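The sequence shown begins at 1 in this note's numbering and counts up by one.
Since the hints were derived computationally from the structure, they do not count as laboratory data.
Here the structure is a predicted model, which is why all the values come from computation and not from measurement.
Just so it is clear, CB atoms sit at the ideal spot from N, CA and C, and this is done for glycine as well.
Do not take every clue at face value.
Said to hold, decoys possible - No farther apart than 27 angstroms at their CA atoms in a straight line, the calculated lysine-lysine pairs in the DSSO-like style are these:
#: 1; residue 1: Lys277; residue 2: Lys293
#: 2; residue 1: Lys233; residue 2: Lys132
#: 3; residue 1: Lys132; residue 2: Lys91
Stated by the list, open to error - Estimated spans, in silico, between C-beta atoms of each pair:
#: 4; residue 1: Pro206; residue 2: Asn73; range: 16 to 26 angstroms
#: 5; residue 1: Ser21; residue 2: Pro136; range: 21 to 31 angstroms
#: 6; residue 1: Arg49; residue 2: Gly74; range: 13 to 23 angstroms
#: 7; residue 1: Leu294; residue 2: Glu96; range: 12 to 22 angstroms
#: 8; residue 1: Gly296; residue 2: Val72; range: 41 to 51 angstroms
#: 9; residue 1: Leu294; residue 2: Asp169; range: 32 to 42 angstroms
#: 10; residue 1: Pro38; residue 2: Glu267; range: 21 to 31 angstroms
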Amino acid sequence: AWAFFERHFLPVSLQRPGRPSGLFTGYYEPEAEGALKPDATYRFPLFARPRDLVAFTPAEARIAGTRYGRRVNGRPVPYFTRKEIESGALKGRGLEIVWLKSLADAFFIQVQGSGRIRLKEGGVLRLSYAAKSGRPYTPVGRILVERGEIPKERMSMQAIRAWIARNPDRARELLWRNESYVFFRVVELPDPRLGAYGAQGVQLTPMVSLAVDWRHWAYGSPVWLDTRVPDAKGAGTRIFRRLMVAQDTGSAIRGAVRGDIYFGFGEAAGARAGRMKAPGFMAVLLPVRLARKLTGGNPAQSGRYPSTSQSR
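Using the sequences plus the hints, can you model the full thing?
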């Protein structure tokens, strides 16, 4: 298989040789407990896409300052904030898909963009990304670091969850600082071993699917990645070199040398994804003729093809 890529593709990188300036993080498909009807235990809803959430024309986007929102008396305006939605802005529309036990679960399923919900009524509900509100995404971990609540070197998804558990009275205020809100759809997936549908429209494959900035790279592009990932058996990291596929994107994935590795589903995958944050090298493999055209005949910044030794 590698001989095929060497013959027909060339690596294109925007990085300088020997300087791994890219940033690579991880994501996963969370599992959570939920119910189809709310009660005293299941209180935190996940919503379907509202009908009044629309994509603006370029002219409307300039007026509203965002690509997505709603129209009020024909005028484009930003959509409701997280605080407004959680305070009842969508109440009475029948958009609640499922109700969760945990505020943290509801928040992180939105951050990850998909989820597997173990229903009180029995069975598993698979949720996939449907839309986002268009409001700005603000990493709550950065806020906790700036406040001195969590040291920067200890920041992770698990650290944020622990903070929320210790500070239930302050959790809402923190999460409201991230105005972005994600909506979902229920999906029937052909292969339960794989993840939800990514932005490319295919199910995500653990340690193969990579979320990229769609403004720089096309979905379906083969991507060579050289970085370090958290070890599955301990607290350390290990070398990770392999060919991946650009199949997804995310609100925090911005830049030509920025990627988010899909680690799979469940607690173990979440533990690794939550600790994943490392520099690295990234090269997108393009057809030979296109690569030479785009780069003036010198596509590989490193001057050679990436090493084929892979660490899985």
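| task | Measure nothing beyond the straight line between the CA atoms of Lys277 and Lys293; if it is 27 angstroms or shorter, mark the hint as holding. | result | Judged against 27 angstroms, a Cα distance of about 33 angstroms means the pair is violated.
| Is 21 to 31 angstroms right for how far apart the beta carbons of Ser21 and Pro136 are? | 25 angstroms, holds
| said: 32 to 42 angstroms was suggested as the range; check whether the CB atoms of Leu294 and Asp169 agree with it. | reply: 54 angstroms, violated
| task | Evaluate the given range 21 to 31 angstroms for the C-beta pair formed by Pro38 and Glu267. | result | Given range 21 to 31 angstroms: holds, Cβ gap about 25 angstroms.
| request: For the pair we were handed, Lys132 and Lys91, check the Cα-Cα distance against 27 angstroms. | output: 18 angstroms, holds
| message | Is 12 to 22 angstroms respected by the C-beta to C-beta distance linking Leu294 and Glu96? | response | For Leu294 and Glu96 the Cβ distance comes to about 47 angstroms; the hint is violated.
| field | Pairwise beta carbon distance, Arg49 to Gly74, judged against the given window 13 to 23 angstroms | value | Cβ of Arg49 to Cβ of Gly74: about 21 angstroms, so the range 13 to 23 angstroms holds.
| Quick one: are Gly296 and Val72 within 41 to 51 angstroms, going by C-beta? | Hint holds: Cβ distance 49 angstroms, inside 41 to 51 angstroms.
| Honestly, do Pro206 and Asn73 meet the 16 to 26 angstroms range at C-beta? | Violated, since Pro206 and Asn73 (Cβ atoms, about 47 angstroms apart) do not stay within the stated range.
| task | Take the C-alpha atoms of Lys233 and Lys132, compute the straight-line distance between them, and say whether it is at most 27 angstroms. | result | 35 angstroms, violated
Of the numbered hints given earlier, the model fails hints 1, 2, 4, 7 and 9; all others are met.
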